[in-house]
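Enquirer: Those sequence lines, one after another, are chains A and B.
Under numbering that gives the first Met the number 0, think of the first position of the first sequence as 0, with each following residue one higher.
Under numbering that gives the first Met the number 0, think of the first position of the second sequence as 0, with each following residue one higher.
Where hints are given, some of them may not hold.
In this list, chains with the same sequence are indistinguishable; a pair is considered to hold if it fits within one copy or across any two.
Claimed, not checked - Mimicking DSS-like on lysine-lysine, the simulated pairs with C-alpha atoms at most 27 Å apart in a straight line are:
| hint | residue 1 | residue 2 |
| --- | --- | --- |
| 1 | K410 | K281 |
| 2 | K410 | K122 |
| 3 | K157 | K411 |
| 4 | K304 | K122 |
| 5 | K190 | K157 |
Hints are computed from structural coordinates only; laboratory data are not their basis.
From a predicted model like this one, the values you see are computed outputs, not experimental measurements.
Given next are the chains, with one letter for each unit.
Number of protein chains: 2
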Amino acid sequence: MYNPLLLPEVREMLRSDDDTGLTEFCDALHPGVVAEVIEDLDNEEIWRVLSHSDVDRQVQIFSFLSLPRQEDLVETTGRERVSALLQEMAADDRVDLLERLDPEQVEVLLPMIAQAERADIRKLLSCPDDSAGSIMTTEYASLPEDITVEEALQRLRKVAPNRETIYYVYVLDEDRHLRGIVSLRQLILAKPGALIADIMDRDVISVNVNDDQEDVANALGRYDFLAIPVVDDHNRLVGIVTHDDVIEVLQEEATEDAHRAGAVEPLEDSYLSTPLLTVTWKRGIWLVFLFGAAFLMAFFLDEYKEDSSTYEWMVIFIPLVIATGGNAGSQSAALVIRTLALGEVDAKNYMLLVVREVAMASILAGSLAALGFLPAMLLVNVQVAIVVSTTIAIIVVLGTMIGALLPIMFKKLGVDPAFISNPLVAALVDLTGVVVYYEFALFWFRQ
Amino acid sequence: MYNPLLLPEVREMLRSDDDTGLTEFCDALHPGVVAEVIEDLDNEEIWRVLSHSDVDRQVQIFSFLSLPRQEDLVETTGRERVSALLQEMAADDRVDLLERLDPEQVEVLLPMIAQAERADIRKLLSCPDDSAGSIMTTEYASLPEDITVEEALQRLRKVAPNRETIYYVYVLDEDRHLRGIVSLRQLILAKPGALIADIMDRDVISVNVNDDQEDVANALGRYDFLAIPVVDDHNRLVGIVTHDDVIEVLQEEATEDAHRAGAVEPLEDSYLSTPLLTVTWKRGIWLVFLFGAAFLMAFFLDEYKEDSSTYEWMVIFIPLVIATGGNAGSQSAALVIRTLALGEVDAKNYMLLVVREVAMASILAGSLAALGFLPAMLLVNVQVAIVVSTTIAIIVVLGTMIGALLPIMFKKLGVDPAFISNPLVAALVDLTGVVVYYEFALFWFRQ
């Protein structure tokens, strides 16, 4: 996005100690752009650039750096600088960073941070991974319901600098129970003397602190919210999740699912910032597992070696038969997994999914069987064409069932359905496919 | 999300003509929740429920219904009602709906809509699919730079009801050139007498009206914006894309990519609201194509029939050899396609991607070859183990190259790299795999 000439310019400013230039670079551009440019510098250079702006700006720029880079920077500088940054960082960004550091390192840093912030950090750090609590921020704006719009605006002006957003304001009672919500748009449109209780929306949609982050993202997306309130089991407000966090979650989850679909264990960071050996390992474990499954097939085919010699044509169609089943299965898995990820079905609709898949499997099985008949006949003979076509029909149905049912089963068991990758579906269908093919063919020809 | 008891309650209110109840149902709940509940009613019932609230509220609820449902509703009621709705709908929602209708129907409806809105509709309808223009709204708030904060707030109050957001305000000159941006937060924190020119940010990050919607989504996500301005080639503001549209785009694109990965042509609507035969067709075209590829393999194996009889063991390892290559290829495709989708690499980094893939392929090829040696030796003999292991190594490298290079090539050609599905990679690798396997084995044993 940014001008590629900026990086050499910054390098030149660093070389010539151009303090004015560096200060302007930090302050005039969007902090996200500054971060993108300096991401390519080394740690010491980044710290030098950052030292040219005030701590607020430093924190903004720092927070836009990639997490592996933030971790790197923290580990290569003094504790004073780090604790000063942490003190000012947004609550959710701060916890994302602390979660990556050594627990020992965190224990050294925490005492250097103010008491109130420390309690907040401990609370957020204790939320389970991938829960609403793990992505929320505690820096929301709240008001009581018995004040006027004018008073509300005055209070908001005071707290605005330390709040993630002031566009949604949450109305709480003394025990922090969520009573309503009012937007800044409503506030500036309302009469200054009106009471908050009279203009707020009382039907507040919220999520529980333990809800899965994907459900939180889907809820915020469904209702076009800027932020969604997070409550505990007693409907007390504990935080908010904002639109930018949701966008991050959606990108993360889509990446995770895409990697899973290709049988790669999800990476924690982006592909390019993950060390090569880590990626190789996350591919290797799946490749070896699938390799094992494919070797089972070799043992199986070894058993049938004599039959393969008796019926020479059988070999010819092995790849066709198993690939077609695997492909149909991959399609079902892709459709079902994505539908589950979007939260479009709940328990009562699972049957509907299965019924649809069975119906489609029947049509596809029939069509492919018909399509395969002629070439198989030309290649060998009618008898063989009957066997091959029938096997294809059976395997397409089996493949579809494996691809559709496994993700649903996993969902019911509380495991991420995306665990079922396309290669895994293919491997399972290949195995069953070969057995069905050989057994059916031998049954037919021995008769 | 919503209380499942609401639907029977609404049905009961409809049966007993409970006007008060229905009015309260429409007005007290979030319009998104109302839409979710009534989505399960029939068209006539939905219109009856909607008639219990004023047109503003009707439009809000209507806009939260799914697009297929909106289309359905429009086609089953009178033009007056439809044009009244269209007149009040948000510019981007309106165009999404009109794009689904018959062009003839649109030509009948347009004259019933006010002149200004009509021009707006024609402009948005003319934007290419999946461009920034196709998802933007023209209802943004703008100000000149030479007024005071107090004047600005007064103007914003006037236009607020008709603007998608007033939290970001765009500062324009007389020719609508984008000069700066100021947030409502900045406005309410600034001194009432300050000039907009003095408080606005001048480094505005914008996108071009023809940019791809995925790039727009990535840009907004990268900088945590609420909205991103869309400009024409002369830097004149033509619209904005808001966070909720971006979330929709990200979900759509992730769904599209997930379906593609499983070799399903992307569906326009959600899986469950797409007719069964449409889904079957979108699977069928790919299955048939891949079926054709697999049949090529059958013809190929037919050529080698005699060799297969001479070397009985060859057959045993066919599935193993091709599956392993296909799996490695699927992994590379998943990693590369996702990295491209997130905009994490640009042209200058493509080589880096390729180098990483080659390095990983070498490690994985070596490991799998070593792993396969012993079982192949036990199953047949050392000679065969050498051939099988070597072939596996070659095919893993080949598979990785096909999986990594094809998406990059497609990207360079301006085709969506996600076109390369896992089954397609598998099919291509299978074909090359079998050829390599047979040719190498025959070369080895004939010597």
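Enquirer: With identical chains treated as interchangeable, where does the CA-CA distance between K157 and K411 reach 27 Å or less: within a copy, between copies, both, or neither?
Expert: neither (48 Å within a copy, 51 Å between copies)
Enquirer: Can you give me the call for K304 and K122, within, between, both or neither, at a CA distance of at most 27 Å?
Expert: neither (63 Å within a copy, 68 Å between copies)
Enquirer: Check K190 against K157 for me: Cα-Cα at most 27 Å, and say if that holds within a copy, between copies, both or neither.
Expert: both (20 Å within a copy, 13 Å between copies)
Enquirer: Please sort K410 with K122 into within, between, both or neither, judging by C-alpha distance up to 27 Å.
Expert: Neither. Shortest intra-copy (29 Å) and inter-copy (45 Å) distances fail the 27 Å Cα cut-off.
Enquirer: State whether the alpha carbon distance between K410 and K281 is at most 27 Å within one copy, between copies, both, or neither.
Expert: Intra 23 Å, inter 25 Å, cutoff 27 Å: intra and inter.
Against the hints set out earlier in the document, violations occur for numbers 2, 3, 4.
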